[in-house]
Amino acid sequence: MTRKELGVLLLLVALCAIVAIASPQFLSVTNVQNVARLVGTYGMFSIGVGIVIITGGIDLSVGSICALLGVLLSMMLVEWGWPAAVALAAVIALGGCLGAAHGLLVARLRLQPFIVTLCGLLLYRGAARYIAEDSTKGFGTGHGFEWVRTLASGSVVGVPMPFVLMCVVAGLAWVLLHRSVFGRHLFAIGHNAEAARYSGVNTRAVITWAYILSGILAAFSAIVIAFYTNSISPASHGNFYELYAIAAAVVGGCSLRGGEGSVVGIVMGAALLQVLRNLVNLLDIPGSLDFAVMGAVILMGATADQLFGGRLRRDDG
Amino acid sequence: MSAVSKQFPGVIALDGVDFHVAAGEIVGLVGENGAGKSTLMKILGGIHRADSGTIALEGVPVVMHGPADAARLGIGIIHQEREVIETLDVAGNVFLGREPLWAGPLRLLDRRRMEADTERQLVRIGAQISPRTLVRRLSPAQQQFVAIARALSMNARLLVLDEPTASLGASEAERLFAVLQDLRSSGTAIVYISHRLKEIEALADRAAVLRDGRNAGVLQRAEITRDRLVQLMVGRHVESNRVRPAHAPAGEAGADTAQLRIDRVRTQRYPDVEVSLTLNRGEVLGIAGLIGAGRSELAEAICGVVAPVSGRVLLDGQPLALDSPRDAIRAGICLVPEDRRGRGIIAPMTLRDNMTLPALESYARLGLVQRAAETSAARDTAAALSVKASSIEAPVATLSGGNQQKVVLGKWLALEPRVMIFDEPTQGVDVGAKAEIHRLIRRLADEGAAVVMISSDIEEIVAESDRVAVMHEGRITGILDGSSSTPEAIMQLAIA
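For the record, the sequence lines run as chains Z and V. Numbering follows numbering that gives the first Met the number 0, in which position 198 of the first sequence is assigned residue number 197; successive positions increment by one, without gaps. Numbering follows numbering that gives the first Met the number 0, in which position 8 of the second sequence is assigned residue number 7; successive positions increment by one, without gaps.
Just so you know, the hints here were simulated from the structure itself, not pulled from any lab data. We put the beta carbon where it would ideally sit given N, CA and C, even for glycine. It cannot be assumed that every hint is accurate.
[Stated by the list, open to error] Stretch-level coverage of chain V by chain Z, calculated; a stretch enters the list once three of its residues show a Cβ under 8 Å from a Cβ in chain Z: (1) 178 to 186; (2) 335 to 342; (3) 350 to 359.
From just these sequences and the hints, can you work out the full model?
This is how it looks when you write it as structure tokens:
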């Protein structure tokens, strides 16, 4: 475990301890399950965005992708009567295609990732609202696709399904990032894309794949989130999710300059954010403050890291 | 400036150099790449501080802590890379960093004063440019004049121009010379650095030559000739340090020994010039030339970094499709680039990660890296190159320049390159590592690779190459081999 990961873990444990002491409810089975469910859902797309961030890019589109794919999933299942397996495959494929479009624009046409995915954020939100005619979509009685619902609300020996899924995804992502050729190329590009290219790395393909993976993972979470909320209002569904993802990645040790980060860190970052939200809930802090609390804690963490961790870091500017 | 010395890690850039320039005089400063001209001028401009020696202005010793001090003392330096901000207008550039203000506390710009003063300076040097024009819209020569106007508006009494005509056309250069002569007659002291010896001949009242960080000689107006300058620049080189194995060309007649052929390649930098070159198996071809001669561009074309405008690269007679370095590497053409930090190494990553990057697939099964195989390969390479590092897990950033260069080289060894191109392989490398790199270059050739060594170090070129191609402004001005490749001959071909 790297120093950075250790730092996040420490922060996470300390935070949990504080909340647990302040509110015994924190450790109740229902609450732990609830938090785990959220960590699972948010963790999945955070890993995707983290992969993009490691290449030195950014993906702002995941929240809107969630909304668009959620709306489409509901329509496929409820209004068009598609078989559940087909609908899920279509949603995941579509997520991958959107990611591929971002990747090609960034890697081939050399557009800036921020701009490409910001336009994605606007485009897909608009598309979702237009397709749904701005009305809330849901899954009704869920007749014929009950098993899909278990992806969101089911559990395996008490562990919520989204958390289980996220662990699987994280495990695969860990192998991909930290053990595969692709992963090595990803980090090499993040640190120094030019040198990677001079070394024969197919930088365009690797960058494109990073965005595709982010799109696919956004689609995965879109499915889970849609069934978790069970109602999708196209104007607000998935709002700010991209920022949760970026925050999770950055808290977990990713550098927005690229080249740094780890799957373990990102997952812990995602967990930290959910514990913070839970804390706001349990400690009777007004719900309107929850973003403010998150912002304050992340800022304190980043400041502490810069002040006390800076000496150990090499200047890589 | 007297007895000025400056040492950088691993190199002595200046060793007791004396230099002076009088008011109303143009002094030409010449020397090979790396002779110390730029360092000397950076010390004069307050960018570097000399380790020892003194600088006196009108007899008064001065100490400078930064470029601002130099500017205050009336020293204006116009760098080779014109340091103008393209998105600002002319007046904005002339007054950058010392903008006049009105209405004090609001810190608003006094545009009227800026424009009037800029206008005055531009008129003085006879440049017809409006102070309101965006610098982006100006020609290179006009941008040069803006830089001069800036120096003059700071009351520069000493003007240093570093390769001012590098990007100017003939008529633009003429205009610049007229301006300089004008400034000279109004009492400005001018230091003129150029590789174009014709310009030195035409312009300079005196010419000072540096070689290897020392004074090599001073020529008075009447003595300045091309041949004398070249002689001083090159000095008396020891010819006997050539330890070149007299190797017989592999294969007997003709075509078989050719490994790589460059066929009428035109690069983006010099789109009007076609370059053709044949490279033989087992030879080291040195490419000499001054900075900007198009050597690196040629290397980039061969290695798929930048596609050539036209022309073909053939390996064993087969034309190659080179769209990326990846294609070139697959064909067996590898490059050790000039910009080591930016393109050679990935500084924060470990030695192992750097050295195995191009061949990573060969240490992987099903796309997963086999740690053990990778680590032992990296360890072998590091040992073979005697890389000095605490471990192969150390970030490359922690290594010295020479060892970093060995890591770059190490990336390619496992691939057994057929054509190996070195661009300034020993720049910023200490003497010991330099010799080792030279040995490795020779070994690659002995093992049958065709090796290209681009270098601005003429001694290195002479000592390490079997043949020498000399480039000037994009074209190959001559190919020398054996006894004909003397430093003087190379320098003659390298300079217009």
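Evaluation of the provided hints:
Coverage of the stretch 178 to 186 of chain V by chain Z is violated in this model, with 0 residues showing a Cβ closer than 8 Å to a Cβ of that chain against a need of three. Counting residues of the stretch 335 to 342 of chain V whose beta-carbon sits less than 8 Å from any beta-carbon of chain Z gives 3, enough to reach three: the coverage restraint holds. Interface restraint, the stretch 350 to 359 of chain V with chain Z: holds (4 residues with C-beta to C-beta distance below 8 Å; minimum three).
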